[in-house]
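Enquirer: Read off the chains here:
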Amino acid sequence: MNFPILSTLIFLPLLSSFFIFLSKDRNNNSSSIYISLFSSIATFLLSLFLWYSLDSNTADFQFVEEKSWINNFIKFKLGVDGISILFIVLTAFITPICIISCINSIKDRVKEFLIAILVLETFMIGVFCSLDLVIFYLFFEGGLIPMFLIIGVWGGSRRVYSAFKFFLFTLLGSVLMLVAIIVIYWLTGTTDITQIYEITIPKEHQNLLWLAFLSSFAVKMPMWPVHTWLPDAHVEAPTAGSVILAAILLKMAGYGFLRFSIPMFPYASEFFTPLIYSLSIIAIIYTSLVALMQDDMKKLIAYSSVAHMGYVTLGIFTFTKQGIEGSIYQMISHGLISAALFLCVGVVYDRLHSRLISTYGGLVNYLPKYAFLFLIFALAALGLPGTTGFLGEFLILTGTFQKSYLAAMLATLGVVLGAAYMLWLTKRVIFGVTQNSKIETLTDVNKLEILMLGVLAFFVIFFGFYPMPLFETFSFSVNSLIDNYQLALNTR
Amino acid sequence: MINNLSILLPEIFLSLSIFTILMLGVFIKKSFNIVFNLTSLILILTIAIILNNPNNEEKIFLDSFIRDSFSNYFKFLILISSLFILNVSKNFIIENNLNKFEYPIIILLSILGMFFMVSANDLILFYLGLELQSLSLYILASIDRDNLRSSESGIKYFVLSALSSGLLLYGCSLLYGFTGSTNFDLIANQLSESNIGAVFAMVFILVGLAFKVSAVPFHMWTPDVYEGAPTSITNYFAVVPKVAGLALLIKFMLIPFSNILLEWQTILIFISISSMILGAVAAIVQKNIKRLLAYSSIGHIGYALAGVATGEISGYESAIIYISIYVIMNIGAFSCLYLLKKDGVYKESITDLSGISKKSPLLALSFLIILFSMAGIPPLGGFFAKFYIFIAVLEKEMYFLAIIGLLTTVISAFYYLKIIKTIYFDDSIITLEKVKNKTAQVSIFLSCSILLTFFLYPSILNNVVNSLFSS
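Quick note, the sequences are listed as chains G and L, same order. Each number in my numbering corresponds to the 1-based position in the first sequence with 83 added. Each number in my numbering corresponds to the 1-based position in the second sequence with 19 added.
Warning: the hint list may mix true and false statements.
Residues on chain L that point at chain G, a partial pick, calculated with CB under 8 Å [to be verified]:
1. Ala67
2. Asn214
3. Gly216
4. Phe219
5. Val222
6. Val226
7. Ile396
8. Phe419
9. Pro477
10. Ser489
Note that these hints are calculated values from the structure, not bench results. Glycine is no exception: its CB is placed at the ideal position from the N, C-alpha and C atoms.
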């Protein structure tokens with residue numbers, strides 16, 4: 084196919100943000116909202132078309148675009164395979180929801196906010212499309228700028244602290260990855276991933292390079308102990324910012340492990356598996372316990388994200404089909420569920436301007452529709468069978484049991500804790516006695532909110548019962564990932 | 020020899036024009052405007068001559084003057100940045116009563132000095148050019164002679180710079196003593212690692228040059244002079260002499276000291292690391308934008324020197340790319356300062372930037388782009404500058420230098436973020452005047468669009484810079 088569909092996908096949001104920049108509406112910002120909605124939905128449809136026309140019976144990269152970029156030694160190379168396509172669709176799906184959510188919650192500088200979201204979408208899609216390390220780094224880091232502004236300009240009271248912490252943590256992690264990328268370039272003579280896959284990077288270099296990549300991915304993931312920026316960023320970010328952060332930005336690291344760490348450094352990946360297991364288990368148990376103690380809803384969900392991401396890293400480093408497929412599935416599922424939960428918090432925050440759990444209680448009496456939707460997502464988050472939350476954790480644990488009983492048993496403990504904090508949160512917010520008289524005056528979810536949450540709820544349940552479309556898409560790519568990994572280890 | 024004079028055409032044209040407009044300035048009353056416009060014209064004409072200059076290597080005057088693509092590129096960079104800086108600051112000059120006709124003429128004289136610096140192939144010509152440049156800069160620093168701070172900065176710069184020139188001259192004489200020649204090519208043949216005296220001379224010369232590009236530990240003058248001098252002069256100081264100084268550093272490594280690179284590298288690595296660290300750490304506590312830009316320029320020079328310290332052609336190329344992008348960013352940043360005016364006074368404090376994103380969103384956006392670019396965040400132009408440096412540094416497996424460079428990138432990101440925070444997150448406390456300064460707006464627009472679109476075709480600068488060393 085000659086039409087550069089991936090470039091279009093990447094640069095469509097950027098282009099439309101430029102139009103928004105030029106548009107002049109002073110009073111109600113309706114044209115900016117329409118432009119951004121239109122372009123983000125167009126991007127989503129384009130990504131669906133891409134998913135539809137992707138051949139899932141091969142693990143090769145498809146729709147590859149290649150242009151010489153820097154002096155012919157670094158190419159602007161894009162392409163998708165069964166793993167990355169799902170993240171692209173997820174990104175393109177979440178963005179319009181964010182834009183809809185900001186109609187209610189963002190009151191000032193709407194135009195700038197929409198520009199930031201669309202620029203961010205460009206960078207996020209770019210991350211999942213790039214087949215060159217430098218391009219990947221470019222998009223990976225570029226996303227910091229709009230996210231920094233989203234947290235800092237539209238955030239809560241401690242927004243400056245959170246925005247700085249987010250930016251500096253991520254930057255510090257990523258610059259080490261830049262060193263590793265350049266070192267790889269000098270070792271292999273290329274930054275093209277498909278070519279690096281063919282070349283075995285010398286064993287003595289693998290460990291250090293792997294650690295350099297880890298430093299970036301661990302911060303982004305986030306893994307314990309560098310997860311502390313996440314609760315701060317989530318709490319202070321506006322709803323749409325939290326949604327994007329939880330649903331997509333966190334997935335970049337998991338994707339990075341699958342795309343870079345494992346195929347490029349198989350020895351190091353095997354060598355450091357115990358480290359990843361330990362960090363993941365600590366993340367699952369420790370952050371679940373921390374989540375239990377939170378009195379801020381957003382913080383609780385943020386800590387639960389860290390725990391869920393712990394499952395993802397655990398699953399990826401089992402190197403089994405179940406584990407890796409479970410991890411990818413878990414990332415998609417967490418993308419939907421955490422986005423929905425943050426939107427739920429946003430719905431009541433817009434009304435009462437409080438994130439504290441103690442403010443609420445007994446919402447079910449006055450906001451029945453809201454309570455129903457919240458319950459769906461809370462149950463999905465704790466892994467109720469029939470929702471997407473269950474299958475991911477189940478597969479990851481199945482995979483882990485093949486490798487390490489201890490790790491699997493400890494991780495299973497996290498499932499119990501997850502149920503504990505989610506159910507307790509639901510009990511305190513949705514049920515119970517209404518303490519706060521203001522709650523009686525609240526209006527139930529409006530049409531836009533039902534639309535956003537309903538669509539998410541539909542997919543959470545749909546893919547919970549019928550996950551085949553997802554698994555069919557990435558199954559070949561995962562198989563070849565594991566095969567190549569085993570091959571590399573056997574030929575040592 | 021008279022046929023070869025065409026090699027010297029830009030210098031001859033420049034000198035003759037300087038004399039002409041000097042006469043004009045003396046004999047016509049209120050001649051600032053006419054001299055200023057003629058200066059711009061002269062700069063444009065000289066650019067045209069440079070662009071028409073053949074790029075093959077030619078030497079003249081007993082091989083003491085060299086014209087090649089290397090010197091042509093630097094001359095072009097010097098001219099184009101001077102042209103922008105001069106025109107952007109015209110309003111500022113007039114409003115602050117700096118509109119003496121000597122102002123543009125002295126700038127032209129310093130450019131002439133820099134021309135001889137970058138074209139020098141001989142210690143004597145090099146020193147003459149350097150002194151012509153320095154003397155002009157002393158006057159420029161104190162051009163606002165009724166202002167205490169400006170005079171102070173001029174004196175300070177003069178005293179320290181004279182000292183460094185003395186050291187440099189001492190180094191030159193030592194070098195002559197130990198090699199018996201002042202010609203760069205002959206020196207290169209004479210030098211070897213065992214020649215301790217020459218290594219001594221090299222250290223003195225390096226000190227002199229490090230002072231001119233304000234690298235640590237010879238940076239003391241920079242913040243004070245930057246703050247004290249009028250903004251238009253600071254702008255000039257921050258950009259043009261650095262370009263020339265870096266050209267000379269590269270040139271010294273390329274020709275006369277090519278045989279004792281190892282000693283030279285050790286010192287450069289030290290200077291580079293300390294500049295990066297000081298530039299990053301000391302800028303954090305600054306409250307004045309010009310002072311902050313002074314420290315940030317020290318840091319930037321540190322990165323450029325890291326490229327030079329590799330001692331490889333690829334490293335020099337990356338340093339030249341770095342300084343070119345640095346020029347673009349700095350012209351943009353200073354042009355923004357000409358738009359910060361309240362009650363007829365140009366504001367220089369960071370707190371004055373509070374919340375300007377609400378009142379003047381375009382200016383805020385320009386600041387945002389330029390500052391993120393200076394911090395080296397992709398996909399802006401500044402990232403590529405750093406990227407090339409790190410590629411060159413890591414090729415030589417200088418991991419320590421690379422790690423320090425990256426850590427200071429993170430630290431310096433902090434103070435750039437602090438300014439962005441002031442602009443975007445804080446509430447506005449002052450309302451800026453609407454400033455009519457078309458040239459400043461044009462130059463901000465140009466620099467921002469170059470930085471924004473650089474990632475589309477990043478090899479454009481590479482191709483040019485590669486050709487400098489291909490001969």
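Enquirer: Each hint: holds or not?
Expert: Now the hints, each set against the structure:
1. Ala67: Since chain G brings no Cβ nearer than about 29 Å to alanine 67/L, farther than 8 Å, the hint is violated.
2. Asn214: For asparagine 214/L, the interface hint is violated, since the closest Cβ of chain G sits about 33 Å away, which is over 8 Å.
3. Gly216: 37 Å, violated
4. Phe219: 35 Å, violated
5. Val222: Since chain G brings no Cβ nearer than about 31 Å to valine 222/L, farther than 8 Å, the hint is violated.
6. Val226: Violated, about 31 Å.
7. Ile396: 6 Å, holds
8. Phe419: Violated, about 11 Å.
9. Pro477: 5 Å, holds
10. Ser489: The hint is violated - serine 489/L has no Cβ within 8 Å of chain G, the shortest such distance being about 13 Å.
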